[in-house]
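Protein chains in written order, with numbering that gives the first Met the number 0: chain R, 0 to 129; chain B, 0 to 344.
By construction, these hints were calculated from the structure, which means they are not laboratory data. It is possible that part of the hints are untrue.
As the list claims (entries may be wrong) - Using 27 Å as the maximum straight-line C-alpha spacing, the simulated DSSO-like pairs for lysine-lysine come out as follows:
id: 1; chain 1: B; residue 1: LYS322; chain 2: R; residue 2: LYS121
id: 2; chain 1: R; residue 1: LYS126; chain 2: B; residue 2: LYS323
id: 3; chain 1: R; residue 1: LYS46; chain 2: B; residue 2: LYS71
id: 4; chain 1: B; residue 1: LYS67; chain 2: B; residue 2: LYS39
id: 5; chain 1: B; residue 1: LYS67; chain 2: R; residue 2: LYS42
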Amino acid sequence: MSGIIDISNIANSYIPVAIILIVALVMPPMTMLIIKLLSPRSKASAKYTTYEAGSLPIGNARIQFNVEYYLYAIAFVLFDIEVLFLYPWATIFKGHGIDFIATVEMLVFIFVVLFGYVYLIKKEALKWMK
Amino acid sequence: MITMDIEAIIYNPILRGIFGLCIMGGVFGGACVAVWFERKLSADIQQRYGPMRVGPHGLLQLAADAIKLFTKEDIIPRNADRLLFVSAPILLMGSVFLMLVAMPFGAIIINGQSYVIAATEMDISVLYIEAMSAISIIGIFMVAYSANNKFSVLGAFRNFARMIGYEVPLGICVVSVAIMAGSLNIVNIAEAQSPLWFVIMQPLGAIVFFIALMADMGRLPFDQNESEEELIAGWMTEYTSMRFGYCFFAEYIHLILGSMLVVLLFFGGWNLPAFLTNITILGIILPTAFFLLKVALVMLGIIAIRWAVPRYRIDQVVDLSWKKLLPLALLNLGWVIALGLLGVY
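Just need the whole structure built from these sequences, with the hints factored in.
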């Protein structure tokens with residue numbers, strides 16, 4: 000290999016993935032078909048109502064939710080992408096003769112992101128139910 | 000010539016795919032054993048017997064449960080979104096199966112040459128496994144949102160807040176391990192721990208990774224999405240018959256694969272001293288057996304923790320991940336960089 004990406008090799012390692020993917024897609028519907036044949040059925044109107052601890056469901060469950068969840072989601076997008084940038088750097092950290100420069104560059108990057116993290120903490124964006 | 004043929008057979012992608020299907024079957028069996036194991040161990044911890052009636056020590060209980068799940072009526076509620084409701088289990092199963100493809104299940108060592116038991120090997124398998132594991136969050140949200148049930152939606156939102164919080168420290172710990180091994184290939188990572196396990200080199204990383212993984216798998220104390228005492232069954236309240244079965248199995252397969260990930264990244268994988276593996280018979284059996292034993296021990300730990308720690312409140316959970324685990328993971332990353340610059344590994 001030695002750094003050059005061999006396309007045929009990559010295809011080889013993803014063909015098993017494709018095979019499993021097809022099986023994973025087909026298996027649940029097939030099982031549900033078998034269950035349709037095996038299981039008893041009886042129609043009753045009350046059976047198809049949404050479960051709400053015995054009473055009839057009040058209103059819709061898909062309501063507007065607390066904004067906290069979205070703040071965490073935004074923070075997640077920021078930090079997860081930061082981690083993604085670390086991955087390629089991690090593989091060339093040692094043994095390519097650029098240890099020191101790579102480290103300094105990545106420390107600058109992490110410092111910038113940490114600055115954002117401190118800002119989030121100070122702004123209390125990561126505080127549940129202010 | 001003959002060795003060439005063996006290599007051609009081992010690296011034939013189609014045959015490897017079929018081998019992957021065999022592994023899939025094996026993991027399904029393993030999940031059944033894991034369910035039985037968990038019920039028995041939980042019973043022991045609570046000083047009761049657990050399943051005893053069906054088969055010796057309740058070993059056939061799972062077969063009985065499977066028959067029950069297969070013969071239950073499949074109910075789709077009137078208010079549910081049918082398309083999402085039906086397709087969500089496919090996504091959940093796809094997530095765990097695609098994780099499983101790249102996962103090595105041990106190795107066979109013949110004459111010092113090791114053959115890894117895995118459906119496929121890739122350059123980036125750790126990243127791939129993490130990505131596939133993250134898909135399950137979408138599956139869980141689809142299950143809950145399509146069911147249009149208040150308990151489910153509450154569970155799914157909690158699950159979402161928890162899982163995205165723990166993805167980040169998990170990722171940073173994986174990066175720290177990848178730096179030490181110099182590769183994102185999980186086989187190389189496992190083999191890089193030949194003299195020294197990474198748990199010794201970066202104990203902090205191992206602890207953070209373990210906690211984040213428990214949260215990612217939704218094990219108690221981090222099962223806010225299910226919390227059966229307050230939310231009935233949380234996100235899968237509306238699921239019946241085998242649809243429920245699939246969600247349930249996906250969780251247990253995730254438990255097995257997560258335990259394997261802990262062993263592969265921090266506890267040395269299948270590495271054994273060379274004088275043991277040079278003997279042909281031992282080289283074939285021991286590495287895999289040793290690896291699976293360690294996986295079982297990690298699983299035992301995870302199950303035992305379930306009965307030792309009460310469930311966290313959701314605000315405690317997100318605080319733990321964002322305010323404690325994330326700085327600790329970054330600290331561990333700094334520690335690994337420092338060790339690297341000092342030339343320790």
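* Given pair status - B:LYS323, R:LYS126, alpha carbons within 27 Å -> 13 Å, holds
Exercise. Taking 27 Å as the top limit, are the C-alpha atoms of R:LYS46 and B:LYS71 close enough?
Worked result: 14 Å, holds
**Message:** B:LYS67 and R:LYS42 were given as a pair; does the straight-line alpha-carbon distance stay at or below 27 Å?
**Reply:** 20 Å, holds
Does B:LYS39 sit within 27 Å of B:LYS67, going by the straight-line distance between their CA atoms? 20 Å, holds
> If you draw a straight line from the CA of B:LYS322 to the CA of R:LYS121, is it 27 Å or shorter?
Replying inline: 12 Å, holds
Violated hints: none; the structure is consistent with every hint.
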